[in-house]
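Student: First to last, the protein sequences are chains A and B. Its first residue numbered 128, the first sequence is counted upward by one per residue in the working numbering. Its first residue numbered 14, the second sequence is counted upward by one per residue in the working numbering.
Be careful, since some hints might not be right.
[Said to hold, decoys possible] Short, incomplete list of chain A residues facing chain B, as computed with Cβ under 10 Å: (1) Arg167; (2) Tyr173; (3) Gln174; (4) Trp176; (5) Ala177; (6) Phe179; (7) Leu180; (8) Glu186; (9) Ser187; (10) Leu188; (11) Gln335; (12) Met342.
[To be verified] Which stretches of chain B does chain A cover? Using the computed rule of at least three CB atoms under 8 Å from a CB of chain A, they are: (13) 45–59; (14) 62–71.
In short, the hints are calculated from the structure, not lab data. Glycine included, C-beta positions come from ideal geometry on N, C-alpha and C.
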Amino acid sequence: MSVATAIINLLVFPGFIFLFFYSLFCEFIDRKVYARLQNRVGPPLYQPWADFLKLLSKESLVPKMANRKMFTAVPIFGLAAVVTAFLYIPIWSSNSLYPFTGDLIVVAYLLTLPALFLFLAGWHSGNPFSTVGGFRVLTQLFGYEVPFFLAILSPALVAGIWSLSDIVQYQLDHVWFICLLPLSFIVAIASLVGKLERIPFDIPTAEQEIVAGPMVEYSGGRLALMRLMVNIEMVAGAALISVLFLAGFDVPGVHLLGVPAVIVGFIAFVIKTLFIVFILACIKALFARLRIEQMVNMCLKWLAPIAMVQLLIVVGLKFAGIL
Amino acid sequence: MLEKLVGWSRVKSPWVCHLNTGGCNGCDIETLAALMPRFDVERFGILLEGSPRHADVLLCTGPITRQIKSRAVRIYEQMPEPKFVIAIGSCACAGDVFWGCYNVLGGIDKAIPVNVYIPGCPPRPDAIIHGVVKLLGALDPRYNELLEELKRKGEIHVSGE
Chain A
128 MSVATAIINL LVFPGFIFLF FYSLFCEFID RKVYARLQNR VGPPLYQPWA DFLKLLSKES
188 LVPKMANRKM FTAVPIFGLA AVVTAFLYIP IWSSNSLYPF TGDLIVVAYL LTLPALFLFL
248 AGWHSGNPFS TVGGFRVLTQ LFGYEVPFFL AILSPALVAG IWSLSDIVQY QLDHVWFICL
308 LPLSFIVAIA SLVGKLERIP FDIPTAEQEI VAGPMVEYSG GRLALMRLMV NIEMVAGAAL
368 ISVLFLAGFD VPGVHLLGVP AVIVGFIAFV IKTLFIVFIL ACIKALFARL RIEQMVNMCL
428 KWLAPIAMVQ LLIVVGLKFA GIL
Chain B
14 MLEKLVGWSR VKSPWVCHLN TGGCNGCDIE TLAALMPRFD VERFGILLEG SPRHADVLLC
74 TGPITRQIKS RAVRIYEQMP EPKFVIAIGS CACAGDVFWG CYNVLGGIDK AIPVNVYIPG
134 CPPRPDAIIH GVVKLLGALD PRYNELLEEL KRKGEIHVSG E
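Next up, chain B with everything else stripped away, as it sits in the complex (with noise of 0.2 Å):
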């Protein structure tokens, strides 16, 4: 019973953080975006937060560069279990256009564990709060719903899915 109500209650506050990993600003923009009064993502609990340590979902966005990856490792560490990770933007995922410069790791999960990828460049809000709800639907199957019901509405468009 209490567990069905933490459970609940993690998947209902989402509260995420943002941290760009040494991207192009073109993601974080968007990301800026998702969370804006249009997309209104408090609808689902989600609330940016400026701390790692009051947050659960951190957002990442960028490449892992060289210089980033031990701030980025300490940023992760300082966040309280359970914590997920979401990996926003193409070279976030995988490096993209920066992938093979000298200065440049390769995407998020040469750093940190990475539960969701969304790929992009940049990928738009609406795909954003795509990813952040297929992790919801992850944790909790009744979100996979919700999902549908975005996709019905138009709130969300999904191409080759």
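Only chain A is shown next, with the shape it has when bound in the complex (with noise of 0.2 Å):
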């Protein structure tokens, strides 16, 4: 591959830009659901847009008692680790970009990294709310991170190895995951939730008892990169669990060579992606935020059990030979 065609990868597609576009509007598609189902009209299409020039345009400020180095480092490489992520992940085929043996464990690693940030931005800021925001950001951290693991291994554990392209080869040969694995799936979605920070896991973020977390002292180019951030990790989580669950570009009944095989592959990949988005959307409409505790003690004492049953049933068919 030559250095050009790397280069329009990485900013082009399925780089920086349509990541930019795809991600903002899967905020619309969020937004939108969510007022649909309070029974509101909803933002307009071009309202992310318009949210993120308006950001960009505006001041930004860094507070004295801020470090301003981290503060200004935090949020562009938070935005190079969800971007990075996503180069791993197959979309129009079963190969990604740059696809090898263990890129799941490599995406499931740069899908941890924007906690760590928005806790060094909690951290940076100089703020008692964002300070306990980033605590409470580890906090969760420990709670979801071990089910979402125990969830995301299951599907490699089935296909037997570490590499993204071979388990969605393994569904094209056998059957979707989510059919197999529909503990592990739910455990996702909702270990998903909570990397997300979203109802009714958004403690780290909770408006009424600590403003805005993290993100308090952050204003105008800054918060925007930070918001744009948190909107690639939703895009990156949801085609994750589409790669593993709904075996990503794969349409049931279809088999196309070249072009259109890319062309309807991609389509399929926007399809499943919004599903998941639509989920996200209908359980933060549904559910109110729990406590701190109270979320630490659902993620280890419910999900992650499901999440091991589920590995234990597949250990059980792996022994007697079923799968």
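Put the complex together from the two separate chains, hints included.
Tutor: So, in structure tokens, the structure goes:
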């Protein structure tokens, strides 16, 4: 692959520019579904772009108590981490741009980084609200990370390999993992809600208690980048779950070659990620916020054991020679 | 071109922050009612933000008391430019029944510059939306058409204008 193609891949498609438009579109879908479920009209289509542009054009303040370098660096590093995570997820075929054995672990690792950067953002803002928010981010991390990893590892266990491409290929040869591992799918969605800090797990950014959590002191362009980071994290998480459980680009019964296959695969990918975003929006409209210890209890007492049960079933079936 | 785009985005996404500077809570209840699903101000891109750092518009209710003055100025200064202030209710406009009290300085404009005054005790939610749309109309004349449309649909009742 030449350098020019690599740069176009990184910056245009499926890299930064595509992700910029697609993630803001997902935010629009999320807000619109949320509004419709509350019997409202909701924001117009251009709303997320207007918000982003407005924030970019505003003054970006740095508080006197904040650590200027870290305060500026955190949104950029967080954005880079989630964009990189998306590059390893297969979109239009069973191969991603740079597939290798074990890319599932890299994606899982890169999707953990935003929580760390949010904590750093809170810590270096020099504001009590953001510091408390940062601690809550880390506390919550120990809650949702265990069930999330257990849930996304069960497809890898069934397929017997750590590579996302081979997991998709296994689903093409056999059956979608949502049919085989429904419990893991539910646990993965629930812990993704925790990862994205959305209702009912929006404890770190709880508006009525600590204003906006780690993002309290952010304004202008830096805030725009932080919001973009959260949006792209949502797209990357939804894409990861759609690849692991809904076979990514696959449309059952349709077998094409060449350019039409890429187009159909891409459309299938968009529909599947939007389906996950739709589920997330419904969860946001249906539930109320939990307290931090209720959240950790729920994750470690219920979600993690459910994922373990699913793993035990998988291992049992493997030993029985059915899988 | 870029300036036009930035102006457009500014008009399309006014995020508000709500501050009670010493009122009786009546205007606060009406302000929150205006932000409820019934009126659905997210149609115009209006979002309620907790932090003044995220906000473009400061909604002030109540007269300025001696105690809140320095805090109100600090909150105003914490907002990034460009920023606007809307005074909601008769107290916020000029002090109203609290005028002349030993602890009251007067309207919001005694402490920070105000862009829009919304009289009423308390103003109805549609009056508050009317005021916000007027502010947007000052930024972009096309919003005056929206105002006419809202009046025609009966979503906003204006008497004596």
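Student: Is the hint on A/Trp176 kept, meaning its closest Cβ partner in chain B is under 10 Å away?
Tutor: This interface hint holds because 8 Å falls under the 10 Å limit.
Student: Within the assertion that chain A covers the stretch 62–71 of chain B, do at least three residues meet a Cβ-to-Cβ distance smaller than 8 Å?
Tutor: holds (count 6)
Student: Taking 10 Å as the limit, does the beta-carbon of A/Phe179 come near enough to a beta-carbon in chain B?
Tutor: holds, 8 Å
Student: Have a go at the A/Gln335 hint: is there a Cβ in chain B nearer than 10 Å to its own Cβ?
Tutor: holds, 8 Å
Student: Regarding the hint that A/Leu180 lies at the interface with chain B, is the smallest CB-CB distance below 10 Å?
Tutor: This hint holds: A/Leu180 lies near chain B, its Cβ roughly 4 Å from the closest one there, short of 10 Å.
Student: Double-check A/Gln174 for me: the hint is only fine if its C-beta lies closer than 10 Å to a C-beta in chain B.
Tutor: A/Gln174 check passes; min Cβ-Cβ to chain B is 6 Å, inside 10 Å.
Student: Quick check on the hint: A/Ala177 CB to chain B CB, less than 10 Å?
Tutor: holds, 4 Å
Student: Do three or more residues of the stretch 45–59 of chain B come closer than 8 Å to chain A, measuring C-beta to C-beta?
Tutor: holds (count 5)
Student: With chain B as the partner, please determine if A/Ser187 meets the hint condition of a C-beta pair closer than 10 Å.
Tutor: Status holds, d = 7 Å.
Student: Holds or violated: A/Glu186 as interface residue toward chain B, Cβ cutoff 10 Å?
Tutor: Where the cut-off is 10 Å and the nearest Cβ of chain B is about 4 Å from A/Glu186, the hint holds.
Student: Return the status of the interface hint for A/Leu188: holds when the least beta-carbon distance to chain B is below 10 Å, violated otherwise.
Tutor: holds, 5 Å
Student: Less than 10 Å between beta-carbons is the criterion; does A/Met342 satisfy it with respect to chain B?
Tutor: holds, 8 Å
Checked against the numbered hints given earlier, this structure breaks none of them.
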